Amino acid sequence: MLVALLGLITAGTTSAADLSASGLPPIEPYCQWQQTDFMINEPLCGLKGDATRGRAIATDGSRGNCVACHDMPFTDVEGYGTIGPSLAGIGARYPEGYIRLRVVDAKSVNPLSIMPGYYRDPSKIHRPAKMLEGRTFLAAQQVEDVIAFLMTMK
Amino acid sequence: MMDNKALFAAVLLGVLLASPVIAEKLSGYAFVKDETRAMQDDDFANPGLLAMEKGAALFNTPFRPGGKTCAECHGEDGEKLDVQRIAGYPIYDPDSREIVSLQSRVNTCRSRIADDILPTNHPDLIALETFVRHRAQGVPVNVNTAGAERQALLTHGEELYKTRYGLIDMSCHVCHTVYAGQHVRGQKISQGQTNGFPTYRLGTGEMASLNLRITQCMDLMRAEPFPPDSEEMKLLEYYLSARSNGLPIETPAVRY
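Top line first, the protein sequences correspond to chains A and B. Each residue of the first sequence is one higher than the last, beginning at 1 in the working numbering. Each residue of the second sequence is one higher than the last, beginning at 155 in the working numbering.
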């Protein structure tokens with residue numbers, strides 16, 4: 001009886017642990033941003049990006065997944081997308097603020113764009129998955145990491 | 155300086171060249187890799203045929219011990235079923251004013267003779283759907299779109315097709331109409347045609363009905379999927395199926 005009860009408790013804990021292990025941190029407050037001349041010049045929430053982490057996020061199928069749609073000059077990542085433009089040399093071609101706006105909310109520049117807004121205001125998202133309500137696709141820190149990485153591609 | 159007319163012509167040409175829209179209606183078969191096509195075409199390699207065989211066995215098994223089987227009315231191989239009618243699903247039934255999928259039609263039969271229905275997308279129900287739809291392999295999809303009521307439903311279905319959902323914030327239309335033929339992570343985007351369903355999916359290793367595939371798509375968009383028996387799901391299934399009118403049925407197709 002006690003063993004069975006313990007089993008039940010363990011089973012319950014496991015499923016809760018699985019949920020947090022699946023990568024759902026607490027919801028962060030949404031940082032407002034300013035668009036000036038089709039750019040967001042200030043880093044989100046004043047955070048500083050890390051290019052190494054950014055590369056991992058950009059190539060991870062469950063996070064940024066940039067390689068799903070964009071050609072990127074990597075040989076170690078499987079992925080071939082022809083939806084968006086190539087990101088080769090992107091850091092030399094555009095200012096950081098220009099790239100930030102496209103990553104944060106490309107549709108604010110081009111409403112017909114297919115590109116997901118990785119830090120779009122959650123209140124603008126239609127019919128999000130219930131467990132993702134109130135969330136952005138990437139956290140502000142992750143967005144800044146990706147931008148830091150993109151700026152190294154020169 | 156370029157004058158306005160020349161600039162306009164240059165911009166127009168650029169838009170036309172950049173436009174990836176494919177006008178021709180093409181089965182998903184045209185967008186998968188060669189080896190996937192070969193797998194579909196080989197009766198010994200196509201995993202969808204296992205579901206079809208399971209469906210054939212269920213077709214010949216009484217719902218209740220000692221009760222009736224599908225085969226008693228429709229023939230052991232379903233040979234008494236009308237393949238033209240199978241190719242017309244989902245149908246709009248003007249009497250009940252409802253869209254009826256092949257799965258729900260099978261359930262209607264089951265409820266009449268045994269009061270035993272299966273939940274939508276239950277593996278047994280998908281197996282039965284696969285078996286029945288396979289009877290119409292090669293027959294062009296032929297969903298009835300005639301009349302004001304059906305047209306109104308199709309218009310509503312098209313609106314749902316063009317609505318953006320989820321954190322990825324894409325509509326069916328963006329991918330399967332505007333960007334069909336382009337690559338996403340090494341796979342070609344299809345036109346979202348329905349003539350292969352139920353389909354064996356390499357991506358999941360399981361059979362997917364059209365209903366289940368829409369759910370999987372919406373999950374991928376990080377959207378809250380429409381429930382399997384919801385009106386929205388029925389409208390999408392109806393619209394998508396009518397959109398595939400004329401394409402020969404391939405059930406069971408093999409897709410990514």
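Just so you know, the hints here were simulated from the structure itself, not pulled from any lab data. Careful: at least some of the hints might be erroneous.
Claimed, not checked - Cβ-Cβ distance ranges computed for the label pairs, FRET-style:
| id | chain 1 | residue 1 | chain 2 | residue 2 | range |
| --- | --- | --- | --- | --- | --- |
| 1 | A | PRO25 | B | ASP249 | 35 to 41 Å |
| 2 | B | ASP249 | A | GLN34 | 55 to 61 Å |
| 3 | A | TYR80 | B | PRO216 | 27 to 33 Å |
Claimed, not checked - Calculated pairs, PhoX-like style, for lysine-lysine (alpha carbon to alpha carbon, straight line, at most 20 Å):
| id | chain 1 | residue 1 | chain 2 | residue 2 |
| --- | --- | --- | --- | --- |
| 4 | B | LYS187 | A | LYS107 |
| 5 | B | LYS342 | B | LYS187 |
| 6 | A | LYS124 | B | LYS342 |
| 7 | B | LYS222 | B | LYS208 |
| 8 | B | LYS222 | B | LYS234 |
| 9 | B | LYS316 | B | LYS208 |
Predicted model, so just to flag it, every value in this text is computed and none were measured. C-beta: ideal position from N, C-alpha, C; glycine also.
Hints, verified against the model:
1. Between PRO25/A and ASP249/B the Cβ separation comes to about 52 Å, which falls outside the hinted range of 35 to 41 Å.
2. Separation of ASP249/B from GLN34/A is about 58 Å and conforms to the stated range, judged on CB atoms against 55 to 61 Å.
3. Between TYR80/A and PRO216/B the beta carbons are some 51 Å apart, a value that contradicts the proposed interval 27 to 33 Å.
4. Annotation: proposed proximity of LYS187/B to LYS107/A is violated, straight-line Cα distance about 32 Å (limit 20 Å).
5. With a C-alpha separation of about 8 Å, the suggested pair LYS342/B and LYS187/B falls inside the 20 Å cut-off, and the hint holds.
6. Between LYS124/A and LYS342/B the CA atoms are separated by roughly 29 Å; this puts the pair beyond 20 Å, and the hint is violated.
7. Pair hint LYS222/B plus LYS208/B holds up; C-alpha atoms about 18 Å apart against a cutoff of 20 Å.
8. As the CA atoms of LYS222/B and LYS234/B are separated by approximately 16 Å, the hinted pair is consistent with the 20 Å bound.
9. A C-alpha spacing of about 36 Å is found between LYS316/B and LYS208/B, which places the hinted pair above 20 Å, so the restraint is violated.
In terms of the numbered hints stated before, the structure departs from hints 1, 3, 4, 6, 9, listed from lowest to highest.
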